[in-house]
Amino acid sequence: MFTPRCLHIGDTIGVISPSFGGAGAFPHRYKQSVDCLKRMGLNVRPAQNALSSTGYVSDSIKARVDDIHEMFSDSSISAIICSIGGNHSNQLLGYLDYELISKNPKPFIGPKCLPWIIRK
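What the sequence shown shows, in the UniProt record's numbering, is residues 1 to 120, in sequence order.
Because the hints were derived from the structure by calculation, they are not lab data. One thing to keep in mind: the hints can contain errors.
As the list claims (entries may be wrong) - What follows is a set of in silico ranges between Cβ atoms, one per label pair, in the way DEER data are often shown:
| no. | residue 1 | residue 2 | range |
| --- | --- | --- | --- |
| 1 | I9 | G94 | 35 to 45 Å |
| 2 | P27 | P111 | 17 to 27 Å |
| 3 | D35 | Y98 | 26 to 36 Å |
| 4 | P27 | I109 | 19 to 29 Å |
What the hints assert, rightly or not - Using 27 Å as the maximum straight-line C-alpha spacing, the simulated DSS-like pairs for lysine-lysine come out as follows:
| no. | residue 1 | residue 2 |
| --- | --- | --- |
| 5 | K106 | K38 |
| 6 | K103 | K62 |
| 7 | K31 | K106 |
| 8 | K62 | K106 |
| 9 | K62 | K31 |
Note that beta-carbon positions come from the ideal geometry of N, C-alpha and C, so glycine has one too.
Kindly produce the complete structure, drawing on both the sequences and the hints.
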């Protein structure tokens, strides 16, 4: 079982949109969230496709999976937060590199329908 370390001032939170592209569809809400995290002393780095919005999903399956892999691979990312819900996150299941994820454990924060995508 993975017990995450506490976040500290100066840590970087990675942002992904593995389902709906809420960050791109509602940029003012995304900015409010980023501003809140920054006021807490955290840095925020969106994944390459986190701010995309192509209808009911943020981007292609490949782009969304690449973002997840990017955030787990990057040692400067202390935790990963999902920008919004995950009705379509199940589309990613067959494409995730679970070995990469398990070798780079970090808090994965999102609505109840999202964190299961990283459990195999």
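Tested hints:
{"no.": "1", "hint": "I9 - G94: 35 to 45 Å", "result": "holds (38 Å)"}
{"no.": "2", "hint": "P27 - P111: 17 to 27 Å", "result": "holds (20 Å)"}
{"no.": "3", "hint": "D35 - Y98: 26 to 36 Å", "result": "holds (34 Å)"}
{"no.": "4", "hint": "P27 - I109: 19 to 29 Å", "result": "holds (20 Å)"}
{"no.": "5", "hint": "K106 - K38", "result": "holds (19 Å)"}
{"no.": "6", "hint": "K103 - K62", "result": "holds (21 Å)"}
{"no.": "7", "hint": "K31 - K106", "result": "holds (24 Å)"}
{"no.": "8", "hint": "K62 - K106", "result": "holds (22 Å)"}
{"no.": "9", "hint": "K62 - K31", "result": "holds (25 Å)"}
Consistency note: the structure conflicts with none of the earlier hints.
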